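S.K.: Now for the letters of each chain:
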Amino acid sequence: MIAALLFATAALPSGPIDFKARDMRIDPQERRVFLEGDVQLARDDLKVTGQHAVAEYAKARPAARTKGRGKGVRGEAGIGGQTVERFIVKGNVHVERGTRTADGEQGVVDVPGQTLVLTGTPESPPVVRDGSETLSGDRILLRLDSEDVDVIRPRVVLKRSLAEEGSARPTPVKVEAEHLVLLKAKQLARFNDDVVLRRGDAVARSPRMEARYDADGQLTRLELRGGVDVRQGDRRATGQSADYDPHARTLVLLGDPKLYDQGDVLTGDRIDLALDSKEVRVERARGRLRPEIHRDEKGLQ
Amino acid sequence: MGSQTVRAVLGLLSPCLASACGTPVNPTVSAISTQVDAPDLSLHGVAFARLSEGQVVARGTADRLDYRRAGGRVVASHGAGVVYPLPGTSLAQFGTVRFVANDVDGEVPNRRGTASGNVRMETTRGDSATTERIECEGDLLRSNVPVAAKGPGYRVEANGLLAKTDGSSIKLTQGVKGQLDVEGRR
Numbered sequence: 001m002i003a004a005l006l007f008a009t010a011a012l013p014s015g016p017i018d019f020k021a022r023d024m025r026i027d028p029q030e031r032r033v034f035l036e037g038d039v040q041l042a043r044d045d046l047k048v049t050g051q052h053a054v055a056e057y058a059k060a061r062p063a064a065r066t067k068g069r070g071k072g073v074r075g076e077a078g079i080g081g082q083t084v085e086r087f088i089v090k091g092n093v094h095v096e097r098g099t100r101t102a103d104g105e106q107g108v109v110d111v112p113g114q115t116l117v118l119t120g121t122p123e124s125p126p127v128v129r130d131g132s133e134t135l136s137g138d139r140i141l142l143r144l145d146s147e148d149v150d151v152i153r154p155r156v157v158l159k160r161s162l163a164e165e166g167s168a169r170p171t172p173v174k175v176e177a178e179h180l181v182l183l184k185a186k187q188l189a190r191f192n193d194d195v196v197l198r199r200g201d202a203v204a205r206s207p208r209m210e211a212r213y214d215a216d217g218q219l220t221r222l223e224l225r226g227g228v229d230v231r232q233g234d235r236r237a238t239g240q241s242a243d244y245d246p247h248a249r250t251l252v253l254l255g256d257p258k259l260y261d262q263g264d265v266l267t268g269d270r271i272d273l274a275l276d277s278k279e280v281r282v283e284r285a286r287g288r289l290r291p292e293i294h295r296d297e298k299g300l301q
Numbered sequence: 001m002g003s004q005t006v007r008a009v010l011g012l013l014s015p016c017l018a019s020a021c022g023t024p025v026n027p028t029v030s031a032i033s034t035q036v037d038a039p040d041l042s043l044h045g046v047a048f049a050r051l052s053e054g055q056v057v058a059r060g061t062a063d064r065l066d067y068r069r070a071g072g073r074v075v076a077s078h079g080a081g082v083v084y085p086l087p088g089t090s091l092a093q094f095g096t097v098r099f100v101a102n103d104v105d106g107e108v109p110n111r112r113g114t115a116s117g118n119v120r121m122e123t124t125r126g127d128s129a130t131t132e133r134i135e136c137e138g139d140l141l142r143s144n145v146p147v148a149a150k151g152p153g154y155r156v157e158a159n160g161l162l163a164k165t166d167g168s169s170i171k172l173t174q175g176v177k178g179q180l181d182v183e184g185r186r
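Residue numbers (this note's numbering), protein chains in the order written: chain A, 1 to 301; chain B, 1 to 186.
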């Protein structure tokens, strides 16, 4: 999903917003216009629909003449007294832009800020889709002047990390965090605060994580930083940082890495965890092993 | 908004016509035979004004204006009016409001009227609106035919209008579409 969002269409151009609705109520005193019933807002490749919308006008300010507009005085009155600076759309809000769509219960278009913020309910959180890819969260901010996206408490499946040859049903990588920022220019997804990465029975926790993509939108690396705690079954590993290679499907722990496996404690310069085979490789290993605990385990090499 | 002027025109016509007609004439003693629906007063090349506290708050013209005392009915052709909104009112932000219509038909006592035929409103702020028919009743304006309006920062087409004559509420109805200019980047 993130890869698709990082490689979506061009930025929003300038120009007036087209609208359609069943009714339009103008409130000059409050400097607002209310659009009611099957509201549509469109500006080039951006389309926003909903049941109701409020267009809020900028506060009055001294008019300044604009070059090339002989008649008009820019910044003077629109219907409600100024040009519109914010649209609030409510009720089954649907957003389309290029190949990307988004849905929520409320959408706020901040034109000067060039943002569109989608919110929903706990039962129906806002969602962004790009093809089959889906990203949801408590609050989704879409930048209108770039393809960047800012998500509060994202819930995302890294589908483009699923290139697992010969596997009928690839194991999805799911990520939860308090905050996600998608930065298109850097081909980067930055997760912050209580990041939880789940892949099969493996769960990694870290304060922050960056997902990096190549030019084709394929995930190339996950970088967990600020202290990492990984659990898979009875096994636990910790380190200052960890890198996940989606092709090799290995997690490499660095920075005083430690592996706890039942009574065993291993440390080394680097610990590689193969998430599928559950094989562990420790460089310059040292530690304490308690073989008697593993006496009844089958298949232990 | 344009038809708010209808009300204003009706309002300013009322005292003017009352004084122009003078004492009621008993038709039974009329020396002149007139057609049944003849107006009690018919004026050509009419110009009138409404004063409030020594100031002109509205004025208007009409090619022809017929007044019938029965029902206080006024029929004007090629009417035009100008309203100067009082400062602080909702209408004041639009500046002077000018209004023209091919035909105006009203009942002054009932504060009811209809403007039809290329009804057009313009304001000094740069707003303009056109429709083929608009009705005024009390403080309400209503149109059930297409309305087109444009001005600084907007353009809108609708299939109906419902508004208050003081400009405090303007509702375009029955399907609207148009454009709104948006504030640029901060």
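No lab work stands behind these hints: they were computed from the structure. In this text, all values refer to a predicted model and were calculated from it rather than measured experimentally. By construction, the Cβ of each residue, glycine as well, lies at the ideal position given by its N, Cα and C atoms. Worth double-checking, as some hints may not be accurate.
Unchecked claim - Ranges of calculated distance between the beta carbons of each label pair, as one might list FRET restraints:
no., chain 1, residue 1, chain 2, residue 2, range
1, A, Asp193, B, Asp139, 35 to 43 angstroms
2, B, Arg155, A, Glu30, 18 to 26 angstroms
3, A, Lys90, B, Ala47, 26 to 34 angstroms
4, B, Gly95, A, Glu30, 52 to 60 angstroms
5, B, Pro87, A, Glu30, 43 to 51 angstroms
6, A, Asp145, B, Arg155, 21 to 29 angstroms
7, A, Gly37, B, Leu86, 32 to 40 angstroms
8, B, Ala47, A, Gly98, 40 to 48 angstroms
Stated by the list, open to error - Below 30 angstroms or equal to it, Euclidean Cα-Cα: the simulated DSS-like pairs (lysine-lysine) are:
no., chain 1, residue 1, chain 2, residue 2
9, B, Lys171, B, Lys150
10, A, Lys59, B, Lys150
11, B, Lys164, A, Lys90
12, B, Lys150, A, Lys186
13, B, Lys171, A, Lys174
14, B, Lys177, A, Lys20
15, B, Lys171, A, Lys278
16, B, Lys177, A, Lys174
17, A, Lys258, A, Lys278
18, A, Lys59, A, Lys20
19, A, Lys47, A, Lys20
20, A, Lys47, A, Lys90
21, A, Lys258, B, Lys150
22, A, Lys278, B, Lys150
23, B, Lys150, B, Lys177
24, B, Lys164, A, Lys184
25, A, Lys278, B, Lys177
26, A, Lys174, A, Lys258
27, A, Lys174, B, Lys164
28, B, Lys164, B, Lys150
29, A, Lys59, A, Lys90
30, A, Lys59, A, Lys47
31, B, Lys164, A, Lys278
32, B, Lys164, B, Lys177
33, A, Lys258, A, Lys47
34, A, Lys47, B, Lys150
35, A, Lys174, B, Lys150
S.K.: Confirm or reject each hint.
M.R.: For each hint, the structure was consulted:
1. Asp193/A / Asp139/B: 35 to 43 angstroms: At 56 angstroms between Cβs, range violated.
2. Arg155/B / Glu30/A: 18 to 26 angstroms: Once the Cβ atoms are compared, 21 angstroms apart, the range 18 to 26 angstroms for Glu30/A and Arg155/B holds.
3. Lys90/A / Ala47/B: 26 to 34 angstroms: Violated, since Lys90/A and Ala47/B (Cβ atoms, about 51 angstroms apart) do not stay within the stated range.
4. Gly95/B / Glu30/A: 52 to 60 angstroms: violated (20 angstroms)
5. Pro87/B / Glu30/A: 43 to 51 angstroms: Violated - the Cβ-Cβ distance for Pro87/B and Glu30/A, about 19 angstroms, lies outside 43 to 51 angstroms.
6. Asp145/A / Arg155/B: 21 to 29 angstroms: holds (25 angstroms)
7. Gly37/A / Leu86/B: 32 to 40 angstroms: holds (34 angstroms)
8. Ala47/B / Gly98/A: 40 to 48 angstroms: Roughly 60 angstroms apart at Cβ, these two residues miss the hinted range, so it is violated.
9. Lys171/B / Lys150/B: With Cα atoms ~14 angstroms apart, Lys171/B and Lys150/B stay inside 30 angstroms; holds.
10. Lys59/A / Lys150/B: holds (21 angstroms)
11. Lys164/B / Lys90/A: Cα-Cα ~27 angstroms, so holds.
12. Lys150/B / Lys186/A: The given pair, whose Cα atoms are some 44 angstroms apart, is violated under the 30 angstroms limit.
13. Lys171/B / Lys174/A: violated (49 angstroms)
14. Lys177/B / Lys20/A: With Cα atoms ~4 angstroms apart, Lys177/B and Lys20/A stay inside 30 angstroms; holds.
15. Lys171/B / Lys278/A: Status violated; Cα separation ~67 angstroms.
16. Lys177/B / Lys174/A: The hint is violated at about 43 angstroms.
17. Lys258/A / Lys278/A: holds (16 angstroms)
18. Lys59/A / Lys20/A: holds (24 angstroms)
19. Lys47/A / Lys20/A: It holds: about 11 angstroms lies between the C-alpha atoms, which stays within 30 angstroms.
20. Lys47/A / Lys90/A: holds (14 angstroms)
21. Lys258/A / Lys150/B: violated (71 angstroms)
22. Lys278/A / Lys150/B: It is violated: about 69 angstroms lies between the C-alpha atoms, which goes past 30 angstroms.
23. Lys150/B / Lys177/B: holds (12 angstroms)
24. Lys164/B / Lys184/A: violated (50 angstroms)
25. Lys278/A / Lys177/B: violated (61 angstroms)
26. Lys174/A / Lys258/A: With Cα atoms ~24 angstroms apart, Lys174/A and Lys258/A stay inside 30 angstroms; holds.
27. Lys174/A / Lys164/B: Distance of about 56 angstroms is beyond 30 angstroms: violated.
28. Lys164/B / Lys150/B: holds (19 angstroms)
29. Lys59/A / Lys90/A: Measuring from Cα to Cα gives roughly 23 angstroms; hence the hint holds.
30. Lys59/A / Lys47/A: holds (26 angstroms)
31. Lys164/B / Lys278/A: violated (75 angstroms)
32. Lys164/B / Lys177/B: holds (21 angstroms)
33. Lys258/A / Lys47/A: violated (51 angstroms)
34. Lys47/A / Lys150/B: Distance of about 23 angstroms is within 30 angstroms: holds.
35. Lys174/A / Lys150/B: Roughly 51 angstroms between the alpha carbons, so the hint for Lys174/A and Lys150/B is violated.
When held up to the earlier numbered hints, the structure conflicts with 1, 3, 4, 5, 8, 12, 13, 15, 16, 21, 22, 24, 25, 27, 31, 33, 35 and fits the remainder.
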